[in-house]
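So you can see what is in the structure, the chains are spelled out below.
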Amino acid sequence: MKKLLLALLGVGAALTVALPGAFARTEATQAPDAVPGITKNSIVIGGTFPLSGIASLYAPIPRGMEAYFNYVNARRDKKTGQRGIYGRKIVWKYYDDGYNPGQTVQLTNKLILDDKVFATVGSLGTEPVLAVRPLHKKLKVPQVLVSTGASYWGLQYKEYPWTSGWQTDYVAEGRVYARWILQNAASSKIGVFFQNDDYGKDYLRGLKQGLGSRRSLIVSELSYELSDSSYASQLSRLRQSGADTLVLFTTPTPTARAIGTAKAVGWNPKQIVINSVSATDQVMAGAARAAGQAYVNGAISTGYLKNNTNPKYRTDGAIKAYRRIMGKYGPDGININNTFYYYGVAKAYDFVKLMYLAGKNPTRAKLMAATAKMNWVNPYALKGVRIKTSRTDRFPIDQGKVVRYNDGSWTEISALYKGR
Amino acid sequence: MNVVRRNLGRAIGPALFLAAAVLVILMPRFMGEFRLLQFTLVAIYAIALIGLNILTGYSGQISLGHGAFVGVGAYTAALLSLGRPGLEALQLDPPSWMPLGDGMRPIFTIPIAALVTGLFGLLIGVPALRLGGISLALATLAIAVSFPIVMKRFAEVTGGGGGINLNLPETPFGWDISTRHWLFYEAWVTAGIVFLAGWLLTRGRIGRAWRAIRDGEVAAVSSGVNPALYKTFAFGVSAAFAGAAGALLAIETAYVNPDTFPVGISILLLASAVIGGLGSLAGAIFGALLYVFLPIYAQKPPIFSFEFADQAPGVVFGVFLIVIMLLLPGGIAHFFRALVVAARTGRFRRRSRTSELA
Amino acid sequence: MAIPARPALPALDVSPAARTLILGVGGFLGSIAVLVLIGLVLTQTEEVFTWSGYWQQVVSGLAQGAIFASLALALVLIYRATDILNFAQGEMATFTTYIAWSLMNHMSYWPAFALTLAIAFIGGAAIERTIIRPVEHRPEIVIVIVTIGLLIALNGLAAWIWNPEVKAFDSPFPNRTTEIGGVVVAIQDLGVLGVTLVTVILLWAFFRFTALGLVMRAVANSQDASRLLGVRVGWMLALGWGLAAVLGAIAGMMAAPSVFLDPNMMLIILIYSFAAAVLGGIDSPVGAIVGGLMLGVLINLLGTYVDFIGGDLRLPAALVVLLIVLLIRPQGLFGHKVVRRV
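Residue numbers (numbering that gives the first Met the number 0), protein chains in the order written: chain A, 0 to 419; chain B, 0 to 357; chain C, 0 to 341.
The reader is advised that the hints may include incorrect statements.
As the list claims (entries may be wrong) - Computed list of lysine to any residue pairs in SDA-like fashion (alpha-carbon distance at most 20 Å, straight line):
hint, chain 1, residue 1, chain 2, residue 2
1, A, K115, B, D214
2, A, K269, C, N174
3, A, K115, A, K365
4, A, K115, B, G31
5, A, K136, B, S177
6, A, K109, B, G31
7, A, K109, B, M26
8, A, K139, B, G131
9, A, K39, A, R82
10, A, K115, B, T178
11, A, K200, B, G159
12, A, K136, B, N166
13, A, K365, A, Y85
14, A, K137, B, W181
15, A, K200, B, V156
16, A, K109, B, R34
17, A, K200, B, R152
18, A, K109, B, R28
19, A, K109, B, P168
To be verified - Which bits of chain A does chain C cover? Going by a derived footprint, with three or more residues having C-beta under 8 Å, they are:
hint, segment
20, 53 to 60
21, 98 to 112
22, 231 to 240
23, 288 to 300
No lab work stands behind these hints: they were computed from the structure.
Note that the structure is a prediction, hence the values are computed from the model and not measured.
Where a beta carbon is used, it is the ideal one built from N, C-alpha and C, also for glycine.
One chain only, chain A, in its complex shape (with noise of 0.2 Å):
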C-alpha cells in the first residue's frame, strides 16, 4: 500500500512539473528568410492521388509527371545552361488518399508539415481538393493545378487564393458540345446519361448553358449512381423517350458499361456524345469489345491535349519528345499509350513554366501571383490552345476542339471553341 502511494506521489510529482511545461509554445527554428521546400538546389513539391482503391485508374499522372521531373532534372537549360529549374532540382512526392478526402487531409499536412513541401501541384479530385483547399489558405501554401475540372477553381479565386486549377472545367467542357451540336445536328434529341455528383451535374449544366434558348433539345435526362450494378433501367428509359444521341457524362468505367448496356436494351444512337475524361483508350476499346466497333465509331467527345495514340501526330515534335522521356525517365513495363501519362507529362510541363516565371528566387507568394500571368503555349496541347490566365480568367486552360472516334483513334473535326 505504502508503494503504491509512493507511486501516485511520484506521478502526481511529475504531472505538476510537466503541465505548466506542456502549454508552452514550441516555435519552429528556421532561418528567417528561408522559403520553406526551397533551398539552393532543389525545390520540394508534393500531390495526393489516389493510387489505390476505386479512381487508381488515374494512377498514371503523377508517374507521367515523376518522369517529366526527371527529364527536367537531367536535361541542361538551353538559356541558363542548368539543370532543373534555374539548378534547383525538382523532388517529387505523392501519396496514395485512396480519393478519401479524410485521408487527403492527413496526407496533405504531413507533405506540408512533415515534408515540407513548398507547394502542391496536381493533387488529384475535387472532393480530396476541396478538403484542403481551407488549409492551403490559412498555412498559405500554393496548391496549383490541381487536377480536377470542377469549376471552383477558376471561379472562387477570391476567396481561395492559394488554390489555382489547370484543365477545361466541365461547365466549359459541356458548353463546346452544346455549341457543336447547334452548329451540325441542331435537330438532334438529346438523351443525358450522367454521374449523379457534382462531375455529372457540372456537364449538364454547361451544356444547358451552352443550348441556350434550344433547350428543348433535351428530351431526357437520367442519372446513376456509382453504387448501382446496372444501368439497364435508366438506358431503355433513355431509348424510350425517342432520344437519337445518347449524351455520356461519365466517368471511365461507367462510361464502357453504358455503351455495352445501350446496345444490350436495344437502343442504336445515331451520335454518341463521350466527356473528356472518358474518352480514352482503353474505355473505347472495352466499349468497342462489348457492343462492337461499329456501335462507337463515329463517337465524339473533345480534347484540349494531342492524343498521343493518333497515327496522325506519330511524327509530331511533342509526341515524340514524350516517348523519349516516359522511355527514358519514366517507370520500367508501362503502357505508354495511356492516356493518363501522357495527361501527366503535359501538367508538369506547365508547372515547370510556372516555377520559371515564379524567378528565379521563388517564394510561394510568387508562384500564386504567376498563376494569373500565364501565357503560353504549351507542346502538349492542341494546335491553337494557349495556356492564359490574367488577374479576372482564372482558367488557364478553356478550349477545346471536338473529335471524333474511329478505328482506335481520335480526329480533330472542329475548329477550337472557346468554352468561357
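Go by the hints and put chains B and C onto chain A.
This is chains B and C only, laid out in the frame that chain A set:
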C-alpha cells in the same frame, strides 16, 4: 509479501493509465506538428473504438455500421458549429424545423453530437433486438452503405458531394497555446472522459449484464437480466461515443463530406477494434494506433515494381488481418494482458510450489 | 350423448417431390400474378406507363437478380456447411473472373469457362483448408475479420496482377436484343437466366441424387453426428467451399460482360447478394435464389417508377424494404427459426 504483490498487481491498471496520461501531456513538447496531428487522430479513433468495443466486444452485437455513427456525429458538429447563418453563407438551405442555432463554439458541439448520435443509436437498437447475428450485421451494413448516399441526397442541408467546410479550428477564449496543441488536448481529454465512462460502465452491473448476454442470452434471461434493455443501451452508448469521435474529427479536419465515411471505414474500424482487442478498453488504443499509422507507413518506395507498391498496402493489410487472427485471436490487448498474467502467476506458481515442497 | 366427431379433412397425401413441384409452380404463378398486379397499380399512378417497358424492366431486373442469386447461393452454401459468412465471396469471384479473362486470351470461351470453374473449385477448397480451418472454432467475430482480410488481400492482389484499368469481358451470348411478345429483351439477359437455371438444377441434382451430396448434407446438418458415422468432415467442408467458389465464379463471369472487369466489380454485388441471402433465409438455398431475383426486380422497379426515390436512394430503399421484411420474419422468407438452447 504476497499481499503487497497482489496489491501492486491490482495497481498496474491505474498506474498504466496515469503513465499514459503523463505521456500524453508531455507529448507536444517533443513532437513535430504532423506527429501531433497523427496522435490527435489516434485519440479520436480510440474514442470511436471504445464505443465499438462496448457494442461488439462486451454486448456481443456485431456492427458493420460504426462509421455511419461517426459520420452522424461529424455532420451534427459541422451543422451546429456553423449554425444557420454559416450554412446559408455556403449557399445551403436547411429546413426551418431544424434547431440549428446561430453557430457555437466547436467544443460545445462535441457533447451535443454525442447526444444526437446516441439517440440515433437507441433508435437503431430497438429494431436491432429482433434481428439475430447475421441479420444485424446486414442491417448495420445497410446503414453504413446508405449513409453517404443519404448525405448526398439531402444536399440542401449537408452540402451534398462538395461537403461542408467548417471554420478552421482556433484556440478558444484567447488562450496562448497553439491550435495544434489545443486540438491534441481536446481530443485526449475527451478520450480520457470516454475511457473512464467506459471503464465505469463495463466494470459495474451493466458490464456484467452485457457480458452475460454476450456469453449466453438465454442463460442471462434466466438470471433476471433483461437483454432488450441492455442491448439497446449498448447501441446507444456506442453510438454516443462514435458521435463524440465524429465531432472531434469534424473539428480537427475542418471538412465533412459523404465520401469521408464510406462503407470501408466501418469495416476498417471493426477490423481495428478486433485486432486491438475486444473486451478490453486498452484494445481501443492499439486499434487506433493501427488505424492511423498503418496506411501511411505502408506507402513505401517500390520494391518490385510501382504497381506492387500501389497495391501492396492493401495486400499486406489483408494478409496482416488474417495472420493476426490466426496467431492472436484475442487481439493485441489480450496478448499483453496474457503476458502480464503469465509474468505474475508464473512467479506465484513457482514460488508456491517450492514453498510447498519445502 | 356422443358428440359427433368433426369430420377429418382428407390428408394431403402427396410425396415430397410432388409437394415441391406444386409449391414451385404455385410460387411461379403467384409471382407472375404479383407482378401483373404491380403493373396494374402503376398504370394508375404513373403518367407514362407502357406494359412493354414494364416487362422489359422486370426481365432485366430478373437477369440482374440472377447474378445476385448465384452469389447468394454461394454464401448460403458456406453458411449451411460451416456457419460462416464469407465476406470474401465477391472478391473470390472477381479473382476467378480475372483468371478466366487471362485464359480467354489463349483459348475460346467455353473451355476457358470450364477450366476456370475447376481452378475456382481447387482455390476455394484450398482457402478453406489453409486459412479457415485454423479459426473455425474461434468466436464468430474472429472468422468475420479473417474473411474481411481475405477480401482486402484478394482485391489488392487482383489489382496488382492484372492492373486496375477496366477491361472488357467476352460473353458467350450475342449483344443483341430480341422481341418476345412485344417486349424487347436482351439476349444477354436471357443467357444469364439460362445459365443460372442450369447451375441451380445441377446443384440440386448433386445434393439430391449423389452420394457425395448426401454426405455433404449430413455434414451441414450435424458435424459431430457425421464424424461418428465415419465421414471425413474436414474434406467435406473444403468441398463445400470449393463448390461455393465455383458458384461465385459463375456469378462473376455472368456479370463481367455488362459490368466490365475491374477489381471492385463485385463489391456492390456482394452487398446485394448478402441482402438477398439474408432476405431468403441465410440457411435456405431456395431462399437465396428467390431473394436474389426479388431484389433484382425490386431495385429496377423502385428506381424506375418511384420518383421520390429516384436513382440515388434505390439501394437504401431496397435495403429498407429488406429490413422491414426481416423485422416481420427475422429468419428470412424461407429460413428456419433458430431455436436457442442453453
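Hint check: A:K109 vs B:R34, CA-CA at most 20 Å. Holds or violated? holds (9 Å)
Next pair to validate is A:K115 with B:D214; report whether the Cα-Cα distance is within 20 Å. violated (52 Å)
Given the hinted pair A:K139 and B:G131, is their Cα-Cα distance within 20 Å? violated (53 Å)
Given coverage of the segment 231 to 240 of chain A by chain C, tested with a Cβ cutoff of 8 Å and a minimum of 3 residues: Held - the segment 231 to 240 of chain A has 6 residues with a Cβ nearer than 8 Å to chain C, which meets the minimum of three.
Tell me if chain C covers the segment 288 to 300 of chain A under the three-residue, 8 Å CB rule, please? holds (count 4)
Can you tell me if the segment 53 to 60 of chain A counts as covered by chain C, using C-beta to C-beta distances under 8 Å and a minimum of three residues? Three-residue rule met by the segment 53 to 60 of chain A, so holds; n is 4.
Given pair status - B:W181, A:K137, alpha carbons within 20 Å: holds (17 Å)
For a C-alpha distance cap of 20 Å, please report whether A:K269 and C:N174 respect it. Holds: A:K269 and C:N174 sit about 18 Å apart, inside 20 Å.
Assess, step by step, whether the Cα of A:K200 is no farther than 20 Å from the Cα of B:R152, and give holds or violated. Roughly 14 Å between the alpha carbons, so the hint for A:K200 and B:R152 holds.
Decide if the proposed pair is consistent with the structure: A:K136 and B:S177, CA atoms, cutoff 20 Å inclusive. This hinted pair holds, its Cα atoms lying about 18 Å apart.
Can the segment 98 to 112 of chain A be counted as covered by chain C under the rule of three residues or more with Cβ-Cβ separation shorter than 8 Å? With 0 residues close enough to chain C, the hint is violated.
For A:K200 and B:V156, compute the direct alpha-carbon distance and say whether it is at most 20 Å. holds (18 Å)
The structure is inconsistent with the numbered hints 1, 8, 21, although it conforms to all the rest.
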